[in-house]
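Trainee: Below, each chain spelled out in residue letters.
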Amino acid sequence: MKKTILTYLLFVCLLTLVGTSVPAQTGQMGSQISKLRMELERTDQIIERAREAVRVSQSPVARISLEKALQLQNLAWENFRTGTTEGYKAALLLTRQAREQAQNAMSYGRVTEQNTDLVLRRLEKVDDMVDRLKESLQEDSDRNFQGVYDAARNNLDKAWEFYRSGQYRPALKLANQVERALRKIWQAANRNQRQAENVYRQLERVGELVESVRVSVVECSSDPALRSFREAEKSYQTGEDAAAKENYVAAAKALERARRLALEAKKECTSLDDLENRYQRLKGQADGLRERLGNRNSNAQRLLKQAYEQLEKAAGHIGGREVNRAAAALKAAELSLNQLKQLLGGGRK
Amino acid sequence: MRLSSIRVAVLAPLLAGGCFNATKAGTLDLRAGIGYDFISQEFFLDSITRSGTDSLDFALKTDYVDDLKGRVELTYSPFSDRRLELRPSYEQTADFLRLRLLNDFRTVLGTARFDLHSELEWKNRYRDAGDASEDYLYGYIKSGFALPVTGPLTTQIQITGEAVDFDSTTGFSYDHFRLGGKVGLTAAFEDFSGADFNLFALARRVPDSTALDYLVGGAEAAFFGFWGPVELDLSSRFERKDYNREPYQDDHYRLEFSGRDKLHLGRDFFFRQDTELDLTFYSSSDPVNRNYGRVGFAFLGGYERGVLSISLGPEFEYLYEVEKDFPEGEDYWETGARIELDLLSAAHFFGSVDNVIGYRDLKYDNALQSNFTFERLNLIGDLRIWQGLSVSALFSAEWEWHENQTENAALFLLSSNLTYAF
Numbered sequence: 037m038k039k040t041i042l043t044y045l046l047f048v049c050l051l052t053l054v055g056t057s058v059p060a061q062t063g064q065m066g067s068q069i070s071k072l073r074m075e076l077e078r079t080d081q082i083i084e085r086a087r088e089a090v091r092v093s094q095s096p097v098a099r100i101s102l103e104k105a106l107q108l109q110n111l112a113w114e115n116f117r118t119g120t121t122e123g124y125k126a127a128l129l130l131t132r133q134a135r136e137q138a139q140n141a142m143s144y145g146r147v148t149e150q151n152t153d154l155v156l157r158r159l160e161k162v163d164d165m166v167d168r169l170k171e172s173l174q175e176d177s178d179r180n181f182q183g184v185y186d187a188a189r190n191n192l193d194k195a196w197e198f199y200r201s202g203q204y205r206p207a208l209k210l211a212n213q214v215e216r217a218l219r220k221i222w223q224a225a226n227r228n229q230r231q232a233e234n235v236y237r238q239l240e241r242v243g244e245l246v247e248s249v250r251v252s253v254v255e256c257s258s259d260p261a262l263r264s265f266r267e268a269e270k271s272y273q274t275g276e277d278a279a280a281k282e283n284y285v286a287a288a289k290a291l292e293r294a295r296r297l298a299l300e301a302k303k304e305c306t307s308l309d310d311l312e313n314r315y316q317r318l319k320g321q322a323d324g325l326r327e328r329l330g331n332r333n334s335n336a337q338r339l340l341k342q343a344y345e346q347l348e349k350a351a352g353h354i355g356g357r358e359v360n361r362a363a364a365a366l367k368a369a370e371l372s373l374n375q376l377k378q379l380l381g382g383g384r385k
Numbered sequence: 136m137r138l139s140s141i142r143v144a145v146l147a148p149l150l151a152g153g154c155f156n157a158t159k160a161g162t163l164d165l166r167a168g169i170g171y172d173f174i175s176q177e178f179f180l181d182s183i184t185r186s187g188t189d190s191l192d193f194a195l196k197t198d199y200v201d202d203l204k205g206r207v208e209l210t211y212s213p214f215s216d217r218r219l220e221l222r223p224s225y226e227q228t229a230d231f232l233r234l235r236l237l238n239d240f241r242t243v244l245g246t247a248r249f250d251l252h253s254e255l256e257w258k259n260r261y262r263d264a265g266d267a268s269e270d271y272l273y274g275y276i277k278s279g280f281a282l283p284v285t286g287p288l289t290t291q292i293q294i295t296g297e298a299v300d301f302d303s304t305t306g307f308s309y310d311h312f313r314l315g316g317k318v319g320l321t322a323a324f325e326d327f328s329g330a331d332f333n334l335f336a337l338a339r340r341v342p343d344s345t346a347l348d349y350l351v352g353g354a355e356a357a358f359f360g361f362w363g364p365v366e367l368d369l370s371s372r373f374e375r376k377d378y379n380r381e382p383y384q385d386d387h388y389r390l391e392f393s394g395r396d397k398l399h400l401g402r403d404f405f406f407r408q409d410t411e412l413d414l415t416f417y418s419s420s421d422p423v424n425r426n427y428g429r430v431g432f433a434f435l436g437g438y439e440r441g442v443l444s445i446s447l448g449p450e451f452e453y454l455y456e457v458e459k460d461f462p463e464g465e466d467y468w469e470t471g472a473r474i475e476l477d478l479l480s481a482a483h484f485f486g487s488v489d490n491v492i493g494y495r496d497l498k499y500d501n502a503l504q505s506n507f508t509f510e511r512l513n514l515i516g517d518l519r520i521w522q523g524l525s526v527s528a529l530f531s532a533e534w535e536w537h538e539n540q541t542e543n544a545a546l547f548l549l550s551s552n553l554t555y556a557f
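Chains as they are written, first to last, in my numbering: chain A, 37 to 385; chain B, 136 to 557.
Here chain A stands alone, though its shape is the one from the complex:
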């Protein structure tokens, strides 16, 4: 009886022990399963976020990564539903891999290069460029880059279509291409603008020069100066016409010629004035030396005579507007007078 009671008590204790240990074990297992379920659900949430990122980006890399994440997550749930320890272990491993892939997908999905806002902003920016450019092309609608402009404009339309259909990468690339084309057109237009700026400045400066030379030419009545001036006027007119037709290279060349010719005319007249002054100065020197000389020194007399002869020639050439000959005669007269001064001891050493 005693043995029976002891056996019974042992059985009860065993049952109690088993009874208490089984729920404990079940509770621990249940907690782990619950945690695993939460992990799987957390991965589901991450995949949902990644799905949105991939949707807006249309990135192939992100899409592949997301597909991998979905496959792995499905496998994880399948393993979880087997309810076996091995299944739980595999589910944990797979859901972690799925999460990693989803995180990658999200990372690539919001890749800055393909970000929907960036693409939209780029398209708007290129739209603005089109507006800026359109006005300058309207003024010069016959420019050759009109064809490129039209092609760029059409591609921008296509880029917007891609954008509106959620294909952001080709939209961005097309927008980049259009931006580059517009920049080139802009560059060409700017080059024309810069040339225009230079030509109009040149027109202004050369115009002022031509007007000032006109006065000198009228006063000096030199044929060579007049010929140069008339050529300068013609070139200026050619430049003005070319500028009006926006042929700035031809305009710049013609204006440069006009400037050179106007300066030649001016030099011609200015030289005659100078020669006249120089003649008067040398004539004064010769007269002064003649008084000092009297009748002595035949060598000195000869030099003075030479100086007067050259001065006479110079006066003739100045009267005939022959600048070079007048200058040569004056130079010869100056040499004779210098020699004479040395002979008389009053000149330079």
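Derived by calculation from the structure, the hints in this document are not laboratory data. Any given hint might turn out to be false.
Claimed, not checked - Partial list, derived from the structure: chain A residues whose beta carbon lies under 7 Å from chain B:
hint: 1; residue: Phe181
hint: 2; residue: Lys209
hint: 3; residue: Gly330
Because the structure is a prediction, the values reported are computed rather than measured. We treat Cβ as the ideally placed atom computed from N, Cα and C, and that holds for glycine.
Fit chain B to the given chain A structure using the hints.
Mentor: For chain B alone, coordinates are given in the frame of chain A:
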């Protein structure tokens, strides 16, 4: 079937051209031609790691556009000063047709200038079923008013509106309206320089999804002009964009700067610097986006004679992303060598080639992202062949050769046209 459609596409504009040839009056211009567009992207990826023997092979190639097209465009200006211009056009490919009407109106009211530009476009896929986004009606209107204030200053006001109505809508293709405006000052100087400053606001409304609505506002400034031997082209913009999403998803502040300066060195040589800066700051609650900054420079030395210009030099780009939940970002340093050749003759030929070869060094390498060498080629050409006949082409290609070869990619964009202006 395809051939007959192409034939129609080719012949229609030519026949139309013949019909309209007689109308070559000063106020009526006709342009007709054919063109070919091709846009393709190749992206290969296989043997994704972690998949072991079950690895999936991917070979992705997408031809977005591969169309031969015919196009007719009429420009009608009822007034000799071209204050009003109407430009209807018709374009057809083997699968699509597109009708478009552009309108430009400008006039002077006292000392003020008034401009109105509008577009109406209908695109339709008439053969086979396609994406929902391929059939739509699109309208755009922009109106500007400029009033001289004092000296070189002019005040300007601009209003824009846009609406898209798709035949059927999807998550990507949704009907929407955009309405915006700008107010600011513009200055035009005697040396052809110009400057702008504007405040702007723009709102988008998507009837089917309020989460896609947004409001954007900010300020922009630009200067283009000359400063001694230096040419400057500078622009900057600051904006705040606010989506109707919680919690602040995609809302951001953005600061952009773009600058190009060219220094003339003597008669034939020049130095050019290009600068691009983009700083974007998202809300700290944004679940997806990270703050980032991108800065790019190019330094080019060149020779310029007449219409010919050649330049070369290095270029750099740096992208920095502020880390958030995930440690791996897209941060990179990009270094390249650029060469540009331009033949910018306004008379008969307009051409440009630029090519960049470089290397992108990513801060974070992983299974789907590795460093790569790249080449980016761009060609632009427009040649007047004979009288009104001209051919033009835009071509861009990009190649990426990754350290992990499975990531190699290529992209091609071609747009070409043969046009006759009657």
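Trainee: Against this structure, judge whether each hint is valid.
Mentor: Results for each hint:
Evaluation of the A:Phe181 hint against chain B yields a held restraint, the C-beta minimum of about 4 Å falling below 7 Å. Contact between A:Lys209 and chain B, as hinted, is supported at the beta carbon level, the nearest pair being about 6 Å apart and thus within 7 Å. With a least beta-carbon distance of about 64 Å to chain B, the hint placing A:Gly330 at the interface is violated under the 7 Å criterion.
Of the hints listed earlier, the one the structure fails to meet is number 3.
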